[in-house]
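Protein chains in written order, with my numbering: chain A, 1 to 752; chain B, 753 to 1049.
For the record, the hints were derived by calculation from the structure and aren't laboratory data. Model, not experiment: these values are computed from the prediction. It cannot be assumed that every hint is accurate.
[Unchecked claim] If you want the ones that stay clear, here's a sample from chain A, every Cβ over 10 Å from chain B, calculated:
(1) 229
(2) 517
(3) 598
(4) 622
(5) 660
(6) 687
[As the list claims (entries may be wrong)] Restraint-style ranges between C-beta atoms, simulated for each label pair:
(7) 78/A - 908/B: 51 to 61 Å
(8) 701/A - 861/B: 51 to 61 Å
(9) 863/B - 22/A: 22 to 32 Å
(10) 731/A - 766/B: 54 to 64 Å
(11) 805/B - 678/A: 42 to 52 Å
(12) 438/A - 949/B: 44 to 54 Å
(13) 772/B - 750/A: 53 to 63 Å
(14) 174/A - 863/B: 33 to 43 Å
(15) 1015/B - 173/A: 24 to 34 Å
(16) 516/A - 861/B: 19 to 29 Å
(17) 901/B - 30/A: 46 to 56 Å
(18) 63/A - 988/B: 51 to 61 Å
(19) 1015/B - 750/A: 22 to 32 Å
(20) 678/A - 822/B: 37 to 47 Å
Backbone N, C-alpha and C define an ideal beta-carbon position, used for all residues, glycine too.
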Amino acid sequence: MNTPVPGSQYKVIGTRPIRHDGMDKVTGKAKYGADVKFSKMLYGRVLRSPHAHARIVSIDTSEAESHPGVFAVITTSDMPDLVDKMADLGEGVVNMAHLGDNVLAREKVLYKGQAVAAVAASDVHVAAEAIAKIKVEYEPLPAVTWVLDAMREDAPLLHDNVFTDDMGKKSDKPSNVDKEIHFLKGDAEEGFAAADVVVEREFKTATVHQGYIEPHVATADWNEDGNLTVWTSTQGSFACRAQVAEILQIPISKVKVVPCEIGGGFGGKITVYLQPVAALLSKKSGRPVQLTMQRDEVFEGTGPTPGSFMRVKLGATKEGKLTAGEAWIAFDAGAFPGGPIGPACMCVFSCYDFEHAKVDGYNVVLNKPKTQAYRAPGSTHAALACETVLDELAEKLEIDPLELRLKNAATEGTRRVDGPVYPRIGCVEVLQAAQASDHWNSPLEGPNRGRGVALGFWFNCGLKSSASAHVNPDGTVTLTEGSTDIGGSRASIAMQLAETLGITAEEVHPQVVDTDSVGYTDVTGGSRVTFATGLAAYKVGLDIEGQMTSRAAELWDCSPENVRVESGVYSHNGDSLTFAELAEKLHATGEAVVGRATVAPDGATNGFGAHLVDVEVDPDTGKTTILRYTVIQDAGKAIHPSYVEGQMQGGAVQGIGWALNEEYFFDDQGQMKNASFLDYRIPTFLDVPMIDTIIVEVPNPDHPYGVRGVGETPIVPPPAAIAIAIHNAVGVRMTELPMSPPKLWKAISDQS
Amino acid sequence: MGGLTTLSGFEYVAPTDLTAAATALRDAGGRACVLAGGTDILVQLREGMRSADLVIDVKKIPELLQLEYAPDSGLCLGAATPCYQIYTTADVVNAYPALVDATRIIGGWQIQSRASVGGNLCNSSPAADSIPPLLVHQAVCHLAGPEGRRSIPVSDFCTAPGKNSLQPGELLATLTLPPQPANAGSAYQRFIPRNEMDIAVASAASWIELDDSRNAIKSARIALGAVAPTPVLAEEASQFLVGKAPTEENFSEAGVLARQVASPIDDMRGTVEFRVHLAGVLTQRTLALAHQRVQDS
């Protein structure tokens, strides 16, 4: 058997074939959620709260219901009562009442943009007219949108049934702080006492959105027999199925979710918004119903990543050995409990090996949209704080910043502050590659220019994946999987199957199918798909190869153990058949060959990345121009290097936007003033240079091809690297995101 | 409110002469809007910021699509002439560089092939890119109404954000820009946080005329955008430069003086303090660029 060994010469892995879904995507034929069309389909619209915090006194839908062309109007009263219902949706137990309230508000609205009611009508314009005829009486309540304000004793309380969970202990009175996290390693006080230099700083970051280009969309068809089908843009068809079934309180087997092509998610398309609403409208109208969000609804009604307040302190000896670290982190969760405070606390010191650390985290509900995952959730915030403080230490110690990081880099055996001990990781190799890079070794000259370097970490997870494949008579293999393809994963999964079988990438036809057509598969998230679904594809390959070997043995009347398989050629005693030749004989000689596998690999695949950035600041306007940018990252093994590079570049660009301009801009009533791509400024092509990439390959010992996750790590270092570069350009330490022109100009002018 | 965007039905007419257009506009009694490139109007109609029962397309009226230039009479620009025609006409590029700067940065190529300077003016945004250049080039607005025609200086056109001195039934027909003297140059710049797809946080246009020795400023005009309810001329700063040498110090001093006419608001695009500061910076920079252009000519 051709069990591949990491480091060996691969035939398919590491090459750059054209992606299987490429032609449909570049010609516009690929079917996205909004391309779904059915005869008699209705179009819906959602009525949203104009208040950041208010009690719903009454809702009168009568005028909307009698509006010509309207087929159904729903409010929360059409939803099952979810009070006190808890459900495990694959990523821990969720309070269903909160999830349901976020889909359609019940008693209170907790943020501007929260859905309150919905209409299905003959066309979208009629639906919009009808929505305007729904009368909602609100009793406005005081709102709070800044995390430290929401933690105060006298802050408006959002929920009377949310109690602080302090490492498992519940508080006795309701609180906006839904969770506390406390990690301790060694004795921080002792560690700081041993330090020659200590740096401590406070940081603030604004709420930012994933900014996926495709808005949320869902089409539902609830049949008279009780079977519900949902076509949607989602990162996880099974996660969507579980949420829809729980919210609607129907058996999971009654729901089929068909994942469409997806125009970006970055963590924001895991939670359901429109899907249960479309389902209820379909049930009430008896027709398929499609709901699509406008951009302002995406900003105001879906989950961004938290705004934060952080304080980080690091101590080091004169020689540059870190002695202790302390972090105090408060994240806003948005309107309901949950959020990435846990990962933030785990990630803040995750790149370094030092003995004493203390981390305290607080998760706080307030009157903003419920936050959701965003690419390495929590780690970007944490890296801004830790890396900036570390850079200041390097400055004070007069040690090269890469040297300081190398002196303290986490390696195999390092224990993270939250407990886990690292297996083989590539942190040191990444730093060494940065040190050896052309970028680091090229001088940067000119006024108001500076270079920054920062390091970042993300866990990358495994979770569950299933796949199957069947061999076609022409020697190709059709691969069926359940991981919606956001970043080129069809190609990277198909390539792993091709490598395993000794056939070409083009000879594998991957397809992403609905929840009735493949075994359970977790979300496309956690940078897990190329690792875990790829592992499933590898095991499918072994299964097929075993069956093919048996069939060859039957043909040659020998024992399967005596059939030799090498690079897709089956041979025995002078006889030999290629995979395709053997495939052609399958039908005539017996049953079809179908391979299957389902996996739940343990542990993390730990990704480290270092980013180098050169900036030029215009001190008169506070505008920062990115002159040069290099991403260095450990991919374990890059299956399709182009898509690994694409992830590295995409993460960097999102991080640049977060660093420089992106923010939810609220007025004093908790109203977002910039819910459009005009004033919520993600970078355009003219705002970023070509992002250079250096792929480091330290194979992951827990994957047959050495794969590590790559998708999330690259968003972690950019804000820190840019803040450091700005400091080196104009001398100011920026500790608040975004480092937008008005803020940077103010900091520069206050300094001089 | 989020997600309620819709485009209500309206009647559409495309008259071929100005009188017919003006009559239709008057007869609709405030329920009509004029469509040139449509890059503002269509967005406003769709987003519910404006509603209309009648849309009057003026792109079939030849007078409104003209672009005539002669060195001794200056530029006559139809109100619906698209931006790209301005920056692709060599004589205009040489004579009115500030206007060319503006038309090159209004939207992308697709927008520039539809959007017009006249439409930009009639939309009357405080942040409109083409208005400060029109101000420093002393453009005159030629208006047509059911009762006939009248002309007003562009400095009298805008009255408040989104408001102007067009009377009911009146529409903008053409803009004329006087011929340029020798030794004159102009420039327009805006500040935006990104490098594209943005609206000016602050902007400035400067025009200077040097004497024959080119060692002294004979005349100057400075206009600011996005720092007041309408684009404004900075008279004191302009006057300060007359007779002065075209130096960085004097341009800087003019920038300081120009800030006095800035009365901006705080919003998601910038703070009052930042915008006032930018008004000075952009004044100085556009003066220097305008001067450079004279030197290069």
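Now the hints, each set against the structure:
1. 229: 24 Å, holds
2. 517: Nearest chain B Cβ is 33 Å from residue 517/A, so the label holds.
3. 598: At roughly 40 Å from the nearest Cβ of chain B, residue 598/A sits farther out than 10 Å, so the non-interface label holds.
4. 622: With a cut-off of 10 Å, residue 622/A comes too close to chain B, as the shortest Cβ separation is near 8 Å.
5. 660: 8 Å, violated
6. 687: 5 Å, violated
7. 78/A - 908/B: 51 to 61 Å: 58 Å, holds
8. 701/A - 861/B: 51 to 61 Å: 52 Å, holds
9. 863/B - 22/A: 22 to 32 Å: 30 Å, holds
10. 731/A - 766/B: 54 to 64 Å: Given a distance of about 60 Å, which is inside 54 to 64 Å, the answer is holds.
11. 805/B - 678/A: 42 to 52 Å: 28 Å, violated
12. 438/A - 949/B: 44 to 54 Å: 32 Å, violated
13. 772/B - 750/A: 53 to 63 Å: 60 Å, holds
14. 174/A - 863/B: 33 to 43 Å: This hint is violated: roughly 52 Å between Cβ atoms.
15. 1015/B - 173/A: 24 to 34 Å: At roughly 49 Å between Cβ atoms, residue 173/A and residue 1015/B fall outside 24 to 34 Å, so the hint is violated.
16. 516/A - 861/B: 19 to 29 Å: 47 Å, violated
17. 901/B - 30/A: 46 to 56 Å: Between residue 901/B and residue 30/A, where Cβ atoms are some 55 Å apart, the hint holds.
18. 63/A - 988/B: 51 to 61 Å: Holds, since residue 63/A and residue 988/B (Cβ atoms, about 58 Å apart) stay within the stated range.
19. 1015/B - 750/A: 22 to 32 Å: 24 Å, holds
20. 678/A - 822/B: 37 to 47 Å: 39 Å, holds
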